[in-house]
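Generate the whole structure from the sequences, applying the supplied hints.
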Amino acid sequence: EVQLLESGGGLVQPGGSLRLSCAASGFAFSTYGMSWVRQAPGKGLEWVSGVSGSGVGTFYADSVKGRFTISRDNSNNTLYLQMNSLRVEDTALYYCAKRGGAARPLDYWGQGTLVTVSS
Amino acid sequence: DIVMTQSPDSLAVSLGERATINCKSSQSVFFSSNGKTYLSWFQQKPGQPPKLLIYWASNRQSGVPDRFSGSGSGTDFTLTISSLQAEDVAVYYCHQYYSTPWTFGQGTKVEIK
Numbered sequence: 001e002v003q004l005l006e007s008g009g010g011l012v013q014p015g016g017s018l019r020l021s022c023a024a025s026g027f028a029f030s031t032y033g034m035s036w037v038r039q040a041p042g043k044g045l046e047w048v049s050g051v052s053g054s055g056v057g058t059f060y061a062d063s064v065k066g067r068f069t070i071s072r073d074n075s076n077n078t079l080y081l082q083m084n085s086l087r088v089e090d091t092a093l094y095y096c097a098k099r100g101g102a103a104r105p106l107d108y109w110g111q112g113t114l115v116t117v118s119s
Numbered sequence: 001d002i003v004m005t006q007s008p009d010s011l012a013v014s015l016g017e018r019a020t021i022n023c024k025s026s027q028s029v030f031f032s033s034n035g036k037t038y039l040s041w042f043q044q045k046p047g048q049p050p051k052l053l054i055y056w057a058s059n060r061q062s063g064v065p066d067r068f069s070g071s072g073s074g075t076d077f078t079l080t081i082s083s084l085q086a087e088d089v090a091v092y093y094c095h096q097y098y099s100t101p102w103t104f105g106q107g108t109k110v111e112i113k
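Chains A and B are the protein sequences, given in the same order. Take the first sequence: its position 80, counted from the start at 1, is 80 in this note's numbering, and no numbers get skipped. Take the second sequence: its position 66, counted from the start at 1, is 66 in this note's numbering, and no numbers get skipped.
Keep in mind that the hints were calculated from the coordinates and are not lab data. A hint or two may mislead.
[Said to hold, decoys possible] In the SDA-like style, the derived pairs of lysine to any residue whose C-alpha atoms are separated by at most 25 Å in a straight line are:
| no. | chain 1 | residue 1 | chain 2 | residue 2 |
| --- | --- | --- | --- | --- |
| 1 | B | Lys36 | A | Thr31 |
| 2 | B | Lys109 | B | Phe31 |
| 3 | B | Lys36 | A | Ser30 |
[Claimed, not checked] Chain A regions said to be covered by chain B (calculated; three or more residues, Cβ under 8 Å):
| no. | segment |
| --- | --- |
| 4 | 8 to 17 |
| 5 | 22 to 32 |
| 6 | 78 to 89 |
Note that the Cβ used here is the ideal one computed from N, Cα and C, for glycine as well.
Written out as structure tokens, the structure is:
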């Protein structure tokens, strides 16, 4: 059974940093691309960042480019999102999601971890 | 960036009736090299993560009831719930993964009339 468990969220002041983690199990982690998708309170879905199975290819939304860094540790089946220079508008529930394979969309999602940026 | 626009923003349908949600992309999401359309549909119930319903515009994800169907091509797509059930109350999102940044529609809230 595929499981994705996010952690690392919390309350941080504007300009601060957080590192989110996503522990994956139940599938061949290094084979699949992974993404982070966020959802601000009461709002829709926003794709934040993605990474290829090998970790070589990384992709970002313009809203986080230069501030967030996605990475993965395939030996420990863990996905990360390093978030620096956080802004109030980064407040959201952050989901980790697994891609279904080449040409496939995100097929499994975690329950999310809440990031609140506030002074 | 590819903009995804859904209509309507919300709709109320009687139990057992058909619900139809439309999605338009600002450019084609058809990948000619493999013949696949990089358009999917998600269902999100309150307090839950999104659930994949449809991929490649019309392929039903494993385990999804057959009352859910997707159609369309190029830039115009439709999600149809053929006979609305109480458990289908949710927000539905279309999503393109043809090019980064991947984008979602704004969501359509489906309720019972």
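Numbers of the earlier hints that this structure fails to satisfy, in rising order = 2, 4, 5 and 6
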